[in-house]
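Assemble the whole structure, with the sequences as input and the hints as a guide.
Those protein sequence lines, which keep their order, are chains Z and D. Quick note on numbering: the first sequence equals residues 1 to 260 in this note's numbering. Quick note on numbering: the second sequence equals residues 1 to 307 in this note's numbering.
The list that follows gives simulated cross-link-like pairs (lysine-lysine, BS3-like), each with its CA atoms no further than 27 Å apart: (1) D:Lys-10 to D:Lys-70; (2) Z:Lys-229 to Z:Lys-146; (3) D:Lys-70 to Z:Lys-128; (4) Z:Lys-12 to Z:Lys-146; (5) D:Lys-70 to D:Lys-194; (6) D:Lys-10 to D:Lys-194; (7) D:Lys-70 to Z:Lys-126; (8) D:Lys-5 to D:Lys-194; (9) Z:Lys-128 to D:Lys-251.
The set of hints was computed from the structure by calculation and includes no laboratory data. Bear in mind that the values here come from a model prediction, so they are computed numbers and not experimental data.
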Amino acid sequence: MSAQATDLGYSKSEIMIAASARQLADERNCFVGVGLPNIVCNLAQRTISPNLQLVYESGVFGARPERLPLSIGDPTLVSGSAAVTSMFELFAYYLQAGLIDVAFLGAAQIDRFGNINTTVIGDYAKPKVRLPGSGGACEIAINARKVFVIMRQGTRSFVDELHFRTSPGHSGDPEHDAKRGWWGSGPTSVVTDLGTYFFGERSGEMTLATLHPGVTIDEVRENMGWDPKVADDLGVTPAPTVEELRLIREDLDPGGVYTK
Amino acid sequence: MSGSKTTTMKDAIAELVRDGDTVAIEGFTHLICFAAGHEIIRQRRRDLTLCRMTPDVVYDQMIGAGVARKLVFSWLGNPGVGSLHAIRRRIESADPEPLEIEEYSHFGMVCRYVAGASNLPFFPIRSYYESDIPSVNPNIRAIRSPYEDDTEVYVVPPLRPDVTIVAVQRADPSGNAQIWGLLGCQKEAAFAGKRVIVVCEEVVDEAKVRRDPNRTIIPGVVVDAVVEQPFACHPSFAQGYYDRDNDFYLKWDEIAREPETLETWLREWVYDLGTHDDYIEKMGAAHWDGLKPEPMMSGEVNYGRYA
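See the structure below:
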C-alpha cells in the first residue's frame, strides 16, 4: 500500500468512499447502486478487489465502465460487459437465487436495526415528501447475502423511528432473524462521513466500530437520533492512501460531483 | 409488402390509445419512448392509468400535462438527478388534482408483466417480507407453497396494459423488433399488452432481421403498429445510436419545479410542434452530433446454413 495522505488532505466523502471500498476485499459478485456506491465499487475493483464483478439492476453482469456511469442504466455499462440480461433474469436468476454476495443500499432514513425507508417522509396517504419508493431495494435487502450501506449521517436520516419501512433490516431478535429463511437479514455494515458501523450478532443493533480521524464520539451522537452502541475496541478508520485519492480524483469523480 | 404495420406516430396514438386506457411506456433508462409520450400529450388523452417501473421525466411531462389519473410504478424519480416535481405536486398536495398511486418493487413490477404475458393469475416472488409495502398495496399478498416445504412467498397480480409502447433500435415492417443493450422489461411488457406499438430508430428489411434472429426480442405477431421515428427516445438513449442527454435531465429539474415553467416548456416543445421531426429540427443538428457515440461493433457469429 502507498503512504497515507497526511494532514487530513482529503474530504469526509473521500474517506467514506475509501473505507467502504476496503470492505469489498474478498467479495465477488457485487450489486452496485448509482452515486457513491458506484464510485466505491469501481475503486475497489481498481485496488483491493480486482476480481469484483459489478452487477447493475438494469441487467448488466460484469460491467467494465470506461467512464463513470451517470445512472445505473448508462450505456457505458453495457459496452464491454460480460453479460446483459433481462431485468426478470437479473432479479430472479442472479439476485433471488443467491448469486449476489454483497449489495449496496442507500436510505432516506435508517434506524438502529438497519431498517430502511426510501418511500415517504410523513404519512403515506398524505406525505410531506414523496420519495422514489423501493425500486429493487426491498428484494435486494432480502436476497443479497450481505448488504452494505453508505450514506452521510444526520439526525434527519439516522432516526429512532422510520416513517415507512421499505426494506427490512434486523429485527432485534436474533432467533427471529435466524428463522426468517431468507439470505439477507439486515445490513452488515454502514459507512458514513463520520465513522463505520457493524451490526451486533446478538443485538442486531448498529454499533460504532471506527471513527474517522479527527471525529469525536460527541459529533457522532449529535448526528443521529438515538444513543449508539459503541464497540469495546473502538478504533480509528485508516486514512485514504495516496493511490486511493488519486483514483477517486483523477479517474472516478474528476468533477467532484460525489466527493466534495 | 403484405402485412406491413408501418404507420405514423400521430396515427398510431390516435387509433390505439383511448381515454381511460391503461398504458405502459416501458424502457429502463434505455429506450424510453419520449416521442410517444409527447404525442399522447399533444392529442390530449385523459384519465389514463400510466404504468412503468421507473416513471421518470417522460411521465413527469405526461402527468404534468394532465393525461393521467393513476400511476402504477416501482421507482419514482429523475435518475441520477433527483425528484419529479410535477408528480410530487400531485401526490403531496393534490395540485392541481389528486393522483392515485399503486406501488410495487422492481421485481414485483417485472413479475406483474411476466404474469400478464404468460396468462397466469399471479406470480410468486421472495420479496416484501417484513416490509410496509404490502400494507399500502393490498394487491401484494402472501401465500404458502402448496408443496411440503410450506414456504411463504408474496404474489403479485398480472398486469395487462390496454396499450404497451416500446422503443427498439430496429424492426421490420411486420413488427419483428430487435434490441441490444439494456433490455429492461420491453419483452414482458409487449407480450402482456393487449395492443402494442413498436417505435424504432429504423425500419429494416425482413431479411436483415432474419440474419440475426436471436436479437429479435419482440415478434411481429404481438405487434399492432410499427412507427419509424429517429431519436424517439431523447433525452433517454438508444444503444449505439445516441447517448443519454444528461444535461436535459438536469434541466428538467428546474423546468418542472414550477407549474408555469413546465407549462411553458410543454407549449414550446410539445403543443406548438406538429411531430417529433419538428422537435429534432428545433433541437438542431449540432445537438444530435454531440450525442453520437463512436462505433463499437459486435463480433459476428456463424449461424450456419442447413439447406
